[in-house]
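A.B. asks: Protein chains in written order, with our numbering: chain A, 23 to 401; chain B, 23 to 401; chain C, 23 to 401; chain D, 23 to 401.
Bear in mind the hints are in silico, worked out from the structure with no lab data behind them. There is no bait here: all hints are sound.
Any copy, or any two copies together, can satisfy a pair, since identical chains are not distinguished.
Straight line, CA to CA, 20 angstroms or less: simulated EDC-like cross-link-like pairs of lysine to aspartate or glutamate:
hint, residue 1, residue 2
1, Lys288, Asp319
2, Lys299, Asp333
3, Lys27, Asp96
4, Lys167, Asp320
5, Lys384, Glu139
6, Lys27, Glu75
7, Lys299, Asp319
8, Lys59, Glu83
9, Lys288, Asp308
10, Lys288, Asp320
11, Lys74, Asp97
12, Lys299, Asp320
13, Lys72, Glu251
14, Lys299, Glu193
15, Lys288, Asp335
16, Lys72, Asp25
17, Lys74, Asp25
18, Lys72, Asp55
19, Lys288, Asp333
20, Lys384, Glu138
This one's a predicted model, so the numbers in the text were calculated from it and none came from an experiment.
Protein chains: 4
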Amino acid sequence: MSDPKPLNIGMIGYGFMGRAHTNAYCKVNHFFDLPYKPVLKAACARNEEKIKEFANNWGYESTETDWRKLLERDDIDAVDICVPNNLHHEIAIAAAEAGKWIMCEKPLAMNVAEGEEMCAAVEKAGVPNLVWYNYRRCPAVTLAKQLIDEGRLGRVFHYRSQFLQDWTISEEVPQGGAGTWRLDVEAAGSGVTGDLLAHCIDTAIWLNGPIASVTAMTETFVKERVHAETGEKTPVGIDDAAAFLARFANGSLAIFESTRYARGHKALYTLEVNGEKASLSWDLHDLHRLQYFDHGDDSVVRGWRNIHVSDGDQPYMGNWWVPGLQIGYEHSFVHTVADFLTHVGTDSPAGPTFQDALETQKVCDAILASAKSGSWSNI
Amino acid sequence: MSDPKPLNIGMIGYGFMGRAHTNAYCKVNHFFDLPYKPVLKAACARNEEKIKEFANNWGYESTETDWRKLLERDDIDAVDICVPNNLHHEIAIAAAEAGKWIMCEKPLAMNVAEGEEMCAAVEKAGVPNLVWYNYRRCPAVTLAKQLIDEGRLGRVFHYRSQFLQDWTISEEVPQGGAGTWRLDVEAAGSGVTGDLLAHCIDTAIWLNGPIASVTAMTETFVKERVHAETGEKTPVGIDDAAAFLARFANGSLAIFESTRYARGHKALYTLEVNGEKASLSWDLHDLHRLQYFDHGDDSVVRGWRNIHVSDGDQPYMGNWWVPGLQIGYEHSFVHTVADFLTHVGTDSPAGPTFQDALETQKVCDAILASAKSGSWSNI
Amino acid sequence: MSDPKPLNIGMIGYGFMGRAHTNAYCKVNHFFDLPYKPVLKAACARNEEKIKEFANNWGYESTETDWRKLLERDDIDAVDICVPNNLHHEIAIAAAEAGKWIMCEKPLAMNVAEGEEMCAAVEKAGVPNLVWYNYRRCPAVTLAKQLIDEGRLGRVFHYRSQFLQDWTISEEVPQGGAGTWRLDVEAAGSGVTGDLLAHCIDTAIWLNGPIASVTAMTETFVKERVHAETGEKTPVGIDDAAAFLARFANGSLAIFESTRYARGHKALYTLEVNGEKASLSWDLHDLHRLQYFDHGDDSVVRGWRNIHVSDGDQPYMGNWWVPGLQIGYEHSFVHTVADFLTHVGTDSPAGPTFQDALETQKVCDAILASAKSGSWSNI
Amino acid sequence: MSDPKPLNIGMIGYGFMGRAHTNAYCKVNHFFDLPYKPVLKAACARNEEKIKEFANNWGYESTETDWRKLLERDDIDAVDICVPNNLHHEIAIAAAEAGKWIMCEKPLAMNVAEGEEMCAAVEKAGVPNLVWYNYRRCPAVTLAKQLIDEGRLGRVFHYRSQFLQDWTISEEVPQGGAGTWRLDVEAAGSGVTGDLLAHCIDTAIWLNGPIASVTAMTETFVKERVHAETGEKTPVGIDDAAAFLARFANGSLAIFESTRYARGHKALYTLEVNGEKASLSWDLHDLHRLQYFDHGDDSVVRGWRNIHVSDGDQPYMGNWWVPGLQIGYEHSFVHTVADFLTHVGTDSPAGPTFQDALETQKVCDAILASAKSGSWSNI
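So that you can see chain A by itself, here it is in the shape it has in the complex (with noise of 0.2 angstroms):
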């Protein structure tokens, strides 16, 4: 393959997220053939100290402090936006309109309707456009979708995920500021739901079509906490727990969790799905394996295989080590990067794009519609 072509990116944020995707951006010319190579060009926030920091760990070029200067440059090609939820929706406009690429972190938004907004502005200004749901990418769940494309399962009858946390039992978690703004309803928007179950929402739509009608659960269990900025202990606004009955449009069940508060698990994402003539899970804390059970093998000795994922001619895989080696959670980001790269300006953009992610936020709105009114929400 001939050279790639520069991609000059410009980051908002350093954070966990700035520095996971820096790190994919670092890697992924290492292992993937690709037509573009991402140039670390600029990082920009608004705390001079750390974005100087951060750009001098990673070797990005540059730094600004203002996000609205760093659309203006000519030498940035695509922004990415790593910062509160809060603050995606006019970064993501203000970049369309200024012509820039755009690899949003997820959830979209704070709502359907600011979802909208942007989904209408990449459109209208033709930029390419990317959500971070990282997870699609293990190779585990892309094989879970290659199988079910396949028609593996046949008819599916149900699908179960869970995002299980345990980091804010404690009574002593602040809300808002650099680590905690998730539990700030202002900067957030919402709790588990935008933050976690939206990771199992796109998945589950990503591997299973449409959802079509929920009804939902939440809780906050700790009902005020001091805000990290004023010290002033505040009510909490977000949902510190959510779950969720679903009609997918084809016809199967489904069950959805999520909580901060399931003491003994770190991010234990799990998904399950039941077809006729198969199932599988998986869950991320043994990412790098998928658990199927094929009904079709001889009887005496049917089970749950349980595939260490991780041999050439599985997913991405043979981009790395060899058989029998493990990648890991950063891995999911090079991936991501992978095809967005390969498939841009192409008929079938890699997704999940501004489009598929609004999808998600439908599915998030309707939870928390449904939990206020006690009654079924259709998507």
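Starting from the known structure of chain A, fit chains B, C and D onto it as the hints suggest.
C.D. replies: Structure of chains B, C and D alone, referenced to chain A:
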């Protein structure tokens, strides 16, 4: 201990549960010191040939073909009701009136109205009574109860439970008849709700207290099946799958699900409880194990403990073999008999009593009502 | 099937194995159609009080305190030898001479010389004989045998097996006496070699054919223990741990290990076989499961199958409950009796016979010899 | 921390290990604060086209086709030897004489004699040196080391370790050449002993101290293979499988096994240590988990703890993502570089040094000698 007093059993039914209970009566005194010793006095069923074969195989001393005759016999102390759900009500009330002890297969009744009359009857007659929710007495589940009662979990945030099977996926499975009456709404009252979710609910209430409210969905995937007795295809009236969200009285949230369309799962009854200080989980496919996470463990070596429940200081296990050697499904019935006979006639009879089982029935009725109404039902 | 013929059992011993075998005699005809039905005719032990208590609990019709008296009784058809290893030889030979069927606890004898005399005795007398290597008849192990015999594994390259316990780590555990005669070399002959490795070897030969040669090491970690009978500290003569390398006659390589000093393992008997086309593994702590890897599976979904051995088409399981419901340790003894009684008097009696067990004894002797000499021993 | 000092790397080789090490050089400073920063100065191999492609992909500034030229360059501070085993000796000694730091791929040498000369050379030159036994630095393995050093296991009774693969079962796999030089005894020196057992031994000595004596067996299952360079079928000189019993200096017993004929296992490196107070086990197929059993736990809730090693207080993990998110195989190399650069020039350099690797080489040679002699070899 002095020799146990004989307790003459009259068994009504000879199916799967008839075998499981009879096996328990045969074994229990070999392994437990008890005040009573079950004697296989009579077995009863309409089909004379079948019941004689059953009685001969297991050593029942006599047979009857009419349960009313059985109840008239003075040499019967206790009756065991192992017939389809639609017969529980009539037989149990008659047995109570005849002054017999009653061990009734689960679920208690077709609905709450029946259950209330049955409770009134045993209360009026003052006869010992029990419903065979056997899973409470898998040693790992009993250990879970013990850990919760000791306060090891602290405040409970989440409860989740499933009962997943896959034996009715084929449209060729008939409804009605000997092995498939559970698919016939006339005989069973409901589908997975009364058959499987009832187990989940009984254990849940036992471990985590009363359920306050539920919202549910049910589905019948195969709409028509041949009826085994008529040979004609008739509409299926049961729920093939059911799921519900719940709030417990103690403020914890729960999700429950049951189906006979989960390819790859034969009898996967699971439960998990997440508390502030610890969590635990269990499943029937490895019933001799309990998973336990203690947040109080030293942080670098904190992890889910995979407890092989086979030590002499764990519930019931001192009565069996030696550490490391597992027991199985049938032993849950032996423990049920052992506990029933140990506590009968005391102020704290071994549950679940008819009254306990009525609480489960109330939740089952609420599930079916909510699935119809689309809104929450209070218990 | 016509009613089974009574088979009068004379049980010698009342310990752990006495209970396990008696339980099997009680249950077997309830679950299997057999030509014979064991009758608990007499139980025998030197301690009159203990044996009367045992007989009363299990329903033995009579007791004896001298095994010679038992052998003289015409109403005893078969004797079950459940006493320490050093008594097997004398009792078995006398029983053979008395024309009794013999079911002898494992290992067969103290050494090969004794074993050869025992084999000669039963052959001369022409009496049915069996040694209780029960693990062959855990359904998952029997299924393993079936898969190997069907040729599913192809050429075998590797066999490995362990039996790990941890109950003698404390120096306070005595040697000799009722529960601890297995630590007394006078009663047991050897330590883990005869007690635990013997199980591994019996199964290995059954599954993979004769063992050709071994090289071994043994160790006694606690050099002195109080003797339960004398109350005095005396040297420990048994092997606390033993491991050996082996070559099978079929060219495969093997490693075997056993110990009572493996902290965390109560009774972890494991085995694994690696063949050209497939592999399988099993362990006693989850005895109802077989792990199976079939290289013929489509490569992207190839993985170890976790087989829950509880279906009606898997060995023995059609006689028990329904799919998904597991059986336990005790059932391996029930199956042993069932197979013994099914095949007794035919040309292919159910093994392991005395002759089969002698082959295992030869390997045990070779292990102990090699551990002393430091060189390979041929079998 | 002040900016790290550049460390100019000269990489010799471009294969699997060349990629793995280079990836580590690229990533390490993004995640660890270090006194040095590797600079990809030159890559070297005989095949000019291949090495230019490799250098271009990874960003090496220049290439060489003769390693002697590389050693002559003043702008090279350190060389990384990633070539077949038969070249380690000559290159390492020349590199030492040229005053370069040396990071050498494992095993150290073809045999002890070569290894001793290499140790002498680096000692004489006083150059920092390292051998890439990377598995020490999987966080779970490093945690195991920490737990043992803290005395949590107490006296160790047993060690066991395996490295099982299945990639050479087919007779069609050639020997010699780029991907298969490990099957050619001329290039590799031995088969699984130097390639796989060497890993097991390095970790074992690190965790449990010196090995005192061994008895071994080896086997070559496929006797002839086509040589990739000549196209002719020639005898296979390597060991396809090897197993040995060992006694450690601390009195513990061990079994080790390695093979490339274990169907179903791609790279299953396992280890387990049983101590008086606690036990631990680990395997490479789930490298982010450590199994830990603490006998000090309250007996009713005692069980193997399944530790997901992803918390900030566990080794290395504070430098990566957040709890619950796993890292993979490649990170063991990043940690190796990080530790090497942190400790270089201090009194306690990060191991394994050449001298440490020589101890492993001595055990490898003893294994091969014992397999020939059939008797025990002392180390």
